[in-house]
Amino acid sequence: MADPAAESDLTFNFNEASVLIVDENAGFMDVTTLMLSSFGFRKLHRCQSLGESHAFSQDVEADLILVDPFPRTEEGLALIRDLRQRQQPADPPRVVIVLTGHTPRDLIQQARAVGADYVVAKPFSPSTLLDRILWSSAPATARARGGENPGGAGLGPPAVDPLREAARALLQ
Amino acid sequence: MSQSSRLTRFLDLPDGIAAGEALARAGESLESHREAALKVIDTAIGELATAGSQAPHDVLARLSDSIGGLAGMFRLEALGQAAKRLGDIVRLFEERGAADPDLIGLHIAALRALRVQTDPHGAAELLKGLEQIAARVAQRAG
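Quick note, the sequences are listed as chains A and B, same order.
Under my numbering, the first residue of the first sequence is numbered -10, with each subsequent residue one higher.
Under my numbering, the first residue of the second sequence is numbered -5, with each subsequent residue one higher.
What the hints contain is simulated information worked out from the structure, not anything from laboratory work.
Check the hints yourself; a few may be wrong.
Said to hold, decoys possible - Here are some of the chain B residues that sit facing chain A, going by a computed Cβ distance under 8 Å: (1) T2; (2) G21; (3) M67; (4) K78; (5) P95; (6) G99.
To be verified - Result set (EDC-like, lysine to aspartate or glutamate): computed pairs, CA atoms no more than 20 Å apart in a straight line: (7) B:K33 with A:D19; (8) B:K122 with B:D52; (9) A:K32 with B:E41; (10) A:K32 with A:D48.
For clarity, every value in this text was computed on a predicted model and none was experimentally measured.
Where a beta carbon is used, it is the ideal one built from N, C-alpha and C, also for glycine.
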């Protein structure tokens, strides 16, 4: 299978880029941190509480925000909405990526509505994460040359899971 | 989205690295973290077993998400799938105000079995068995 990030001819140096990671799952946040460190990010700010993320985001001028809104979806989405509202029109926007293990269509729609650039389903590969970051980093002209938004198209209809369907039938 | 983002200025710098190099580093880094991640998974499975099938749905969902996310990252696909299914079922129960401790208990037992299952065929059979049981339960429920 093609590895879109590996095939990219872009080079990057994210040493000075600031990242805010909000994830109540400490084990998963460790993995995300490792990946980002491998991509060259050094200024990593970790917030393990959605409840504290608003205050945290005001203290940290992050260029990239990775947030898992679970289990307090409303607070997670409010964080993204707040970040977008505070954005100055003349400034280039932050990149906001939602990372979540639970991707119902309504969450994806809500996340996009409040200003997330992507929703990436957990688990994900380093290649998927880097691909989304690079696509969001590239100027619009380069993105147009590179084709479709990988994240926008990437989360299509969820695959039908027989067990989930059985459970759904059980609950009818 | 406007012409560029706040990350655009970090591209195409003279001392930059290529994606292939970054991904190779990430692969090595994840591999070195594998044992620590497996411990987190084992702890979550243990907590799930202790909490039991009648634990609050938010606890079950949190633990199954934790297992599902990490297992999928570390090539434990069957365990990841079963954990994700448990999370989905719990959320459905929550949405509908329903409960089926037997079905949840069955999934918890399956997660414990899948964690130590090293044969992919055996893991696939276990997943298939889970599906069949759930289907039978659904059929009985009419």
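Here is how each hint holds up against the structure:
no.	hint	verdict
1	T2	holds, 6 Å
2	G21	holds, 7 Å
3	M67	holds, 5 Å
4	K78	holds, 7 Å
5	P95	violated, 13 Å
6	G99	violated, 14 Å
7	B:K33 with A:D19	holds, 13 Å
8	B:K122 with B:D52	violated, 26 Å
9	A:K32 with B:E41	violated, 33 Å
10	A:K32 with A:D48	holds, 13 Å
The structure shown violates the earlier hints numbered 5, 6, 8, 9.
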